[in-house]
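Peer 1: Mind assembling these two chains? They're in different frames, but the hints should get you there.
Residue numbers (numbering that gives the first Met the number 0), protein chains in the order written: chain R, 0 to 78; chain H, 0 to 412.
These are calculated hints, taken from the structure and not from any lab test.
Think of the CB as a built atom: it goes at the ideal place given N, C-alpha and C, for glycine as much as any other residue.
Be aware that one or more of the hints could be misleading.
To be verified - With a cut-off of at most 25 Å between alpha-carbon atoms, the simulated SDA-like pairs for lysine to any residue come out as follows:
1. H:Lys-358 x R:Ile-41
2. R:Lys-30 x H:Val-269
3. H:Lys-104 x H:Tyr-85
4. H:Lys-411 x R:Arg-46
Unchecked claim - Here are a few chain R residues that face chain H, going by a calculated C-beta distance under 10 Å:
5. Ser-24
6. Pro-27
7. Val-29
8. Lys-30
9. Glu-35
10. Thr-43
11. Leu-44
12. Ser-50
13. Lys-52
14. Val-57
15. Glu-62
16. Ala-64
17. Arg-65
18. Ala-67
Claimed, not checked - Cβ pair distances, simulated, as ranges:
19. R:Ile-25 x H:Ala-410: 38 to 44 Å
20. H:Met-155 x R:Gln-26: 24 to 30 Å
21. H:Arg-151 x R:Ile-25: 21 to 27 Å
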Amino acid sequence: MKALALCSLRSLALLAALAPAAGCSIQPWVKPYERERLADPIMTLSRDPLSDKHREHVYEVREGARGAAGVQGGGCGCN
Amino acid sequence: MAATEAPQARSATLRHSSRPCARLCARLRRLVAAVRRALTEGFARRAGVRAERQATAQVFGLVGGLLMGSGASAIELPEDRGDAMYHLYDGGGVEAQGPALLVRKSIADKVSLSASYYVDMVSNASIDVVTTASPYKETRNEYGVGADYVYRNARMSLSGSSSKEPDYQADAVNVDVAQEVFGGMTTVNLGFTRASDEVGKKDSPEFSETASHWRYRVGVTQILTPRWLASVNIEAISDDGYLGSPYRSALVYGASVPERVPSTRSSRAVKLRTLGEVGSYGVAFADYRYYWDTWGIRAHTMGVGFSRYFGDNLLADAYLRYHTQGAALFYSDNASTETVYISRNRQLSTFSSIGPSVKVSYRARQVPGSYEIRLNGAYEFLSFSFDDFTDVRTGTPYSYTAHVLQLFVTAKF
Numbered sequence: 000m001k002a003l004a005l006c007s008l009r010s011l012a013l014l015a016a017l018a019p020a021a022g023c024s025i026q027p028w029v030k031p032y033e034r035e036r037l038a039d040p041i042m043t044l045s046r047d048p049l050s051d052k053h054r055e056h057v058y059e060v061r062e063g064a065r066g067a068a069g070v071q072g073g074g075c076g077c078n
Numbered sequence: 000m001a002a003t004e005a006p007q008a009r010s011a012t013l014r015h016s017s018r019p020c021a022r023l024c025a026r027l028r029r030l031v032a033a034v035r036r037a038l039t040e041g042f043a044r045r046a047g048v049r050a051e052r053q054a055t056a057q058v059f060g061l062v063g064g065l066l067m068g069s070g071a072s073a074i075e076l077p078e079d080r081g082d083a084m085y086h087l088y089d090g091g092g093v094e095a096q097g098p099a100l101l102v103r104k105s106i107a108d109k110v111s112l113s114a115s116y117y118v119d120m121v122s123n124a125s126i127d128v129v130t131t132a133s134p135y136k137e138t139r140n141e142y143g144v145g146a147d148y149v150y151r152n153a154r155m156s157l158s159g160s161s162s163k164e165p166d167y168q169a170d171a172v173n174v175d176v177a178q179e180v181f182g183g184m185t186t187v188n189l190g191f192t193r194a195s196d197e198v199g200k201k202d203s204p205e206f207s208e209t210a211s212h213w214r215y216r217v218g219v220t221q222i223l224t225p226r227w228l229a230s231v232n233i234e235a236i237s238d239d240g241y242l243g244s245p246y247r248s249a250l251v252y253g254a255s256v257p258e259r260v261p262s263t264r265s266s267r268a269v270k271l272r273t274l275g276e277v278g279s280y281g282v283a284f285a286d287y288r289y290y291w292d293t294w295g296i297r298a299h300t301m302g303v304g305f306s307r308y309f310g311d312n313l314l315a316d317a318y319l320r321y322h323t324q325g326a327a328l329f330y331s332d333n334a335s336t337e338t339v340y341i342s343r344n345r346q347l348s349t350f351s352s353i354g355p356s357v358k359v360s361y362r363a364r365q366v367p368g369s370y371e372i373r374l375n376g377a378y379e380f381l382s383f384s385f386d387d388f389t390d391v392r393t394g395t396p397y398s399y400t401a402h403v404l405q406l407f408v409t410a411k412f
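Only chain H is shown next, with the shape it has when bound in the complex (with noise of 0.2 Å):
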């Protein structure tokens, strides 16, 4: 998020910096060189004090400029860019592919404006669907906008986004402010999200269910040392209304009853991420995510990763990411009591996923100073493996694996 971008603004705050100070000692050559010749070549006493003014003035408009310089350029707006990305993810039944585009430019290096287009074209025939239902076919298109505006240390962010399927509409407004402290080592983040909901259900135009939600998020980003940063990311969220699926059944003594889920739900979660240079061109990274909830969930997530660069074009990444997680209080495979809350959702369910991944990025053609394309593409293969969800078709624990493709062109500018 905007914390990540904190080591380019910082080094361009480097560059910035270098200018104002080298100005600063030619005025300042220049103007001891003045006073000199004005007191040595005898002037009139009234011309002496008119330089001293003049001399004092300009130490004070120097100073003064300096000051409010270095303050104006410490942080910086995102970077222009455009991105053009084709996404697949296909498993377990469930095939989602489509466009995306994102489009980031600055205006005036005060602010930043930004327009995403995200498309979900969804062929589903899950173990949920085939086993209750009829495969099904539908898209979703999601619109964001978002504006940047940077002043002194800090970098202030108001986006939204539209979401639309046919049985679902999900809008959310983002408020989100960067401030870089103690001399630029430290990014703190602060921001807020309330997202509303409209649930509906195909083919029953009387169904019409709302649900709100609230996010709250702290973070900060530190760099250790000239080649190991960290950051420690909290987010809070709350939400409130109808949160279960109007399609999902769960079974009680082997017989198929709706799902019944609480409406309202409280979740926390820390998450720990390290980057770290190991030797000349190779960074080492690791992340971890602590999560708990009032429904009962506590889940680990964890990944390792290495990226490096193959001559000056290439850049590759490898990744090794690792969840689990236990259930839901309300979850059941297949209840044997009678409950008020009822759910056979096996996203709520007792699992562990894995998934290796690996992603390469070509600069295609770089203008300096003007414009530069990178070529990408990334896979991750995952695998899930269930505890207590059972395959009703052949009455062992389900699991099932998924490809997730990126091909992507990023144009920066």
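One chain only, chain R, in its complex shape (with noise of 0.2 Å):
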């Protein structure tokens, strides 16, 4: 048992080691003249924040799930 855990710390260790250098390895692959077209307002998650933040208070106070919507909300004791 004893052994079996220090295996694992060492393969946890080794992973741990090895992270790094995985993740250098990968490299942006979507270069800075390819995102023209993400660019246009229409590839955007949120246009208006003005109209999304009084949809979200809509939904706020009618619904028992809250938050993680991205927008800031307020007032009303439910920001």
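Peer 2: What follows is the structure in structure tokens.
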């Protein structure tokens, strides 16, 4: 049992040591000059902050769930 | 939120970074020509050494400047804009409407200041109100201010809001940081909100309660391909204090009793979003959120949508949202046992809602490089169906529909 635990620890240490090396091998694959299409407003996750805030407020005061919407709420005790 | 503006920032980075590169090439060419001229024209040794020293200094200066320049303009401030909106919610006996304003302006390309004002004029004759109390009208005013600061690849935001209605005051402070990493392909967001509420009761000046809220959020937005984005957001919320409503009643053995809810609540939510181009002018998007909390509520919220241009000036979106949740542990339509906590708040019941919506945005005027004005309209039809909330007037499960309307003008300058 002790040997198994030691082996697991060694494996974890090896993985931890290799992780940065593995990370270094991955390079950004979408170059800046390939991101022109992403700059179009249609490609944004939230175009109109005021509109999105109102809709999130409508949901938040009527549903039991809240949070992780990517929009800051406000007021009504449900910020 | 902040992460969603990353693509524009990246494109701007591309435009900015191309200029230093061109300048660097031109200066290097001039430098090489100057050194060659100095050597071939037989300048004195001292002059040659001086030229070499100058060349070395210029090369170091150029490289240093380029490195600093590439870091300084990696992430940008939110764009300058002004929004004026009229909003309306009408459904289930509740009508909430009013104006909302948002202005954002940058100063010296380093700081962006924002201010917002939001009004909810509420006329409430919901099923809770008409079966246990009298309809009422009230107005809620909310003010917000914020400042965003950019330093190299990071954007830091500090904002605050204050909301006031006759029997409720809510104040909040938000701190957010967005950091671009991995060659600008990944944006990491961290945020924290501290909010405090003062809860009152109309015509009962002796009633005074407080509630505190802590919100911790983290998010990652990832560029997957030149036409495909995805993001994940996680938020943990903790509440402490008076979390119920002084007006709401519960039913125990058919008798009305004041609502009793726990004074603490902790929740977690994970939301996944993705957006990608389909065809030449269309963009499809989808999202899913899973929510759970210590009150026993589990919820799934999902949506799919499509956006596309019609001509150069008209942009339209269609979106379908579905939400379903289970009830809180202490929720009961009509309790048959006495418990410490009891609530008949239908927000905590088992129900589902579905909401198809459309949104159009028309570019009314544009002066390239100067300003742009858009006219926008959005409409959503919401339908709620409750499994364990009975309409006491009819004895059947309650359901209702609602209309959500937004009309707003956006100016970008």
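Peer 1: Broken hints, numbered, in rising order?
Peer 2: 2, 5
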